[in-house]
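Enquirer: In this text, residue positions in the sequence shown follow my numbering: the first is 1061, and each later residue adds one.
Simulated from the structure, these hints should not be mistaken for laboratory data.
The reader is advised that the hints may include incorrect statements.
What the hints assert, rightly or not - Pairs of lysine-lysine residues, derived as DSS-like cross-links and limited to a Cα-Cα distance of at most 30 Å, are as follows: (1) LYS1115 <-> LYS1156; (2) LYS1128 <-> LYS1116; (3) LYS1123 <-> LYS1156.
As the list claims (entries may be wrong) - Pairwise CB distance ranges (calculated): (4) HIS1137 <-> LYS1115: 24 to 30 Å; (5) LYS1123 <-> LYS1177: 15 to 21 Å; (6) LYS1177 <-> SER1119: 31 to 37 Å; (7) ARG1087 <-> ASP1157: 18 to 24 Å; (8) TYR1066 <-> LYS1115: 16 to 22 Å; (9) GLY1065 <-> ARG1153: 33 to 39 Å; (10) LEU1075 <-> ALA1121: 29 to 35 Å; (11) GLU1078 <-> LYS1128: 27 to 33 Å; (12) ASN1169 <-> ARG1129: 29 to 35 Å; (13) ALA1085 <-> VAL1160: 15 to 21 Å; (14) ASP1092 <-> THR1071: 28 to 34 Å; (15) ALA1121 <-> ARG1073: 29 to 35 Å; (16) SER1120 <-> ALA1093: 16 to 22 Å; (17) ILE1104 <-> ALA1077: 27 to 33 Å.
Every residue gets a Cβ at the ideal spot worked out from N, C-alpha and C, and that includes glycine.
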Amino acid sequence: MECEGYAFSRTSRILHAEQFSDIFAARCGQGDATLSIQVKPNNIGHPRLGISVSKKVSSSAVKRNYIKRQIREWFRHQQHTLGGIDFIVVARRQSKDASVTTIHSALFNQWQIVKDKQCAE
């Protein structure tokens, strides 16, 4: 199924624990103080996203949901340029106080590094 428009449909999500485990097992990723990403090529033809924001990042559900919303927003706007990749984004403690611009630039910079490592092929 091809991603159309800027939707973030169920087919664009990584939903199950075994899918998360497979991507973490591929051990191809990049991180900084704000976020880390793990990637693995998929055979679906469109990117999928999994997000992990633990209570260690913030005990406030409002803050955790805000971080997840910003990650989803970045993914939604970039999905047409990503190709057939499975992404997992793990928020770190400093993401709690990060601005939208900081989160988006961290994701973009880490994606460029991972892409240059050729993990995403």
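Enquirer: Hints first: check each against the structure and report whether it holds.
Expert: Status of each hint after checking the structure:
1. LYS1115 <-> LYS1156: Within the cut-off at roughly 11 Å; holds.
2. LYS1128 <-> LYS1116: Holds: LYS1128 and LYS1116 sit about 14 Å apart, inside 30 Å.
3. LYS1123 <-> LYS1156: 7 Å, holds
4. HIS1137 <-> LYS1115: 24 to 30 Å: 28 Å, holds
5. LYS1123 <-> LYS1177: 15 to 21 Å: 31 Å, violated
6. LYS1177 <-> SER1119: 31 to 37 Å: Once the Cβ atoms are compared, 34 Å apart, the range 31 to 37 Å for SER1119 and LYS1177 holds.
7. ARG1087 <-> ASP1157: 18 to 24 Å: 29 Å, violated
8. TYR1066 <-> LYS1115: 16 to 22 Å: About 30 Å separates the Cβ atoms of TYR1066 and LYS1115, which means 16 to 22 Å is violated.
9. GLY1065 <-> ARG1153: 33 to 39 Å: Cβ of GLY1065 to Cβ of ARG1153: about 34 Å, so the range 33 to 39 Å holds.
10. LEU1075 <-> ALA1121: 29 to 35 Å: 20 Å, violated
11. GLU1078 <-> LYS1128: 27 to 33 Å: With Cβ atoms ~21 Å apart, the hint is violated.
12. ASN1169 <-> ARG1129: 29 to 35 Å: 20 Å, violated
13. ALA1085 <-> VAL1160: 15 to 21 Å: 31 Å, violated
14. ASP1092 <-> THR1071: 28 to 34 Å: Holds, since ASP1092 and THR1071 (Cβ atoms, about 29 Å apart) stay within the stated range.
15. ALA1121 <-> ARG1073: 29 to 35 Å: At 19 Å between Cβs, range violated.
16. SER1120 <-> ALA1093: 16 to 22 Å: 20 Å, holds
17. ILE1104 <-> ALA1077: 27 to 33 Å: With Cβ atoms ~19 Å apart, the hint is violated.
The structure shown violates the earlier hints numbered 5, 7, 8, 10, 11, 12, 13, 15, 17.
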